[in-house]
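**Q** Heads up: the protein sequence lines correspond to chains A and B, in order.
In the working numbering, each residue carries its 1-based index in the first sequence increased by 3.
In the working numbering, each residue carries its 1-based index in the second sequence increased by 314.
No wet-lab data here; the hints were simulated from the structure.
Wrong hints could be hidden among the right ones.
Unchecked claim - Within a straight-line C-alpha distance of at most 35 Å, the following computed DSBU-like cross-link-like pairs (lysine-lysine) qualify:
1. Lys356(A) x Lys170(A)
2. Lys170(A) x Lys600(B)
3. Lys173(A) x Lys436(B)
4. Lys138(A) x Lys164(A)
Unchecked claim - To give a feel for the contact side, a few chain A residues facing chain B, derived at Cβ under 7 Å:
5. Glu251
6. Gln255
7. Glu271
Stated by the list, open to error - Restraint-style ranges between C-beta atoms, simulated for each label pair:
8. Val588(B) x Pro122(A): 52 to 62 Å
9. Gly68(A) x Pro397(B): 45 to 55 Å
10. Glu139(A) x Phe583(B): 49 to 59 Å
11. Glu396(A) x Leu425(B): 54 to 64 Å
In this text, all values refer to a predicted model and were calculated from it rather than measured experimentally.
The C-beta atom is built at its ideal place from N, Cα and C for all residues, glycine as well.
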Amino acid sequence: MKRRSIFTALSAALVLAAAQGTVGLAANPVLKVGFVGVTSGPAAAWGISNQRSMETRAAWINETGGYTIGDVTYDIEIVSFDDQKDPKRAIAGMEKMAQEGIHYVVGPNVDNGAAAVRPVAEANGIMYFPYAFPKELYMAPASNAVLGMVANYQSGPAIYKYLMEEKGVKTVAFIAANESDPLSQRDSGLAAAEALGLEAVSANVTYQVDTTDFTPVLTPVIRTRPDLLVLSGVSPANAPQLIRSARELGYQGLISTETAQDAQVLREGAGDLANGFISVGGASTPEIASDMMVEFVTRYTEMFGEYNDESNTKVYALEYILATLAANPAAIEDVEEFKQTMDTFEAPNPYMKGDAMMRYVGMSSFGQRRQVAVPLVVNVFQDGEFETLFVAEVD
Amino acid sequence: MEQVIANGVYLGSQYAMIALGLTLIFALMNVLNFAHGQMYVIGGFVTYTFYGQLELPFVLALLMSCVTLAVLGALIEKFLFGPVIRRSAREESTMLLAAGIAFLLDAIILLVFGEKQRGVPKIVDGVFNWDFRIIMPYDRILICGLAIFSIVAFITFMQFSKTGRALRALAQDRVAAQLMGVNVNRYSMIGFALGAMLAGLVGGLLVTITGINLGMGGPTSIKAFMMVMIGGAGVISGAIAGGFILGMLEAVGLAVLSQYGDITYLAIFIALMVFLAIRPQGLMGKPWG
């Protein structure tokens, strides 16, 4: 009898515990948001900063009770897929997202991946937020892609104009890796520079993406003695080596890029030689970062050991998706609703000080609102840290 | 032209060192070690950790890279390649194992060291500038000198030490070496450890110049295989020659062909295909193996 009581009590406890567990797990329904991008190989930093930004924010939201969209509060789950910077893998990743019923995906990180997934996204009702610049992805009749950052043809002219007026720059040289993104960024940068009246003294030198020693590559470029050396579409892995080689070859002019960089990588790889290097960032510097941005950085660092400055821009995509869904809950299952909301959507930008707003832009560049309005913050690297050179907006 | 030659010598010395370890392992065990590039990357990260992070002397950090990779190489040979070679006569078994190890090491590197490019403080400041005809930072000159010294030391070791002679005997004829009393299992492990150690050494040396990141492994392996193909698989002197030839071709190509875009490696690959069609065993390899 006693044994039976113990058994009954244990069974009851187990059933109760299981029921509690079920209740706990089912407290909030789950909203899945996808990520398809590169998280391995030489460009891993691009995708990993995306994925970790999303995971940090999702964990933060879940820890504080979930995200309310309409009458329902959701836990956020990030479903990730490493496309290895391969368009075929990117397609497979987007198909996986479709199979899981996901309608909102961040990525891919590069041009050919973003172009490759377009048919899959459009056929399966998926809005995706690439970090790729080809305009046809964002111009009608395309309508499912939303550019997740500032494009080089938007930031480049602003930087060149500033340097012409403030630093007296007259000549420019471009160097790019021999693959689609950097080459297209070089071409559009060259066109923008020439339109502003800069003389391009070198624009056809390229390097292999797996180059580790840039001295032989840069030697002919440096001999042209440009006032400004533009590292078109340079990856964070290559930037410090290029800067270091250029400086060691005696180059004393300005160096810039239109991609986001990481201060620690520059500090370790180029040290003081990187002083004066100009790049583009998000809500990064203390002058503009809000308390929420500071907390995001803290949580990211606690979760993954160290922060990646590229996340200053990449923190935004998930926030935009969730805030837009909150503005129109019907968009959770219907991306056409999402598209309609994009035209009028506005919400406070939680990562910037002041009264900055989140809204969709891109009318000038794409003829429709298919770009998130991240701040165009142009940074200069100085003594190990980024300092804000100027802040602009994309319309 | 002086700058091109200087760049070629510098590139050649580092390439030769990368190829040495790969060709040694191939000579001893007939294993195409696709994980050689990943071993190079680990060597770079170990030096980064000890020299860049813990701020220990560079020489000590370099030593740690060598020791770590030697131990790792010995373990890989003892527990992975050794048993597979004994159990399977098919060469593709070791090739698949090597590819698997490369993927595994990539994943471990990502977990342990992260996705970012890493760099260390310069070991020597300043730039040698001969009237703008040759510009070469002193640290590159030092690393080039150390690489050449290491190659000479390795050849001396292989030529005159008891272990080196045993390894060469093993490379020439495994059965004959065994009949002469060479402990094949033991020296296979030592040889693999030595090859891995060379990868760690060059990774540790080059992290001071190029930095290191997760993605460098695969391309490094590909270049190493190219050098071995040029020089002749399994021939030490061939690997050194292949390294210097590739370095010089790259330096000349980048100087002469840069105006036409990134076609240097396209030209090198075409030249390599033609060369291998004429001489498939490489410069110093034997056609019978």
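**Q** Are the hints correct? Go through all of them and say.
**A** Checked hints:
With a C-alpha separation of about 29 Å, the suggested pairing of Lys356(A) with Lys170(A) holds against the 35 Å cut-off. Between Lys170(A) and Lys600(B) the alpha-carbon distance is near 62 Å, which puts this suggested pair outside the 35 Å criterion. Taking the CA atoms of Lys173(A) and Lys436(B), the gap is about 33 Å. The hint holds against a cut of 35 Å. Distance restraint check for Lys138(A) and Lys164(A): the Cα-Cα separation of roughly 22 Å lies within the 35 Å cut-off, and the hinted pair is therefore satisfied.
Because the smallest distance between the Cβ of Glu251(A) and any Cβ of chain B comes to about 5 Å, under 7 Å, the interface hint for this residue holds. Checking Gln255(A) against chain B by beta carbon gives a least distance of about 13 Å; that is not within 7 Å, so the hint is violated. Given hint, Glu271(A) at the interface with chain B, holds; its Cβ is 4 Å from that chain's nearest Cβ, closer than 7 Å. Distance hint check: the CB atoms of Val588(B) and Pro122(A) are about 41 Å apart, inconsistent with the given range 52 to 62 Å.
For the pair Gly68(A) and Pro397(B), the supplied restraint of 45 to 55 Å holds, since their beta-carbon distance comes to about 53 Å. Between Glu139(A) and Phe583(B) the C-beta distance comes to about 32 Å, which lies outside the given range of 49 to 59 Å. Hint check: Glu396(A) to Leu425(B), Cβ distance near 40 Å, so the stated range 54 to 64 Å is violated.
The structure shown violates the earlier hints numbered 2, 6, 8, 10, 11.
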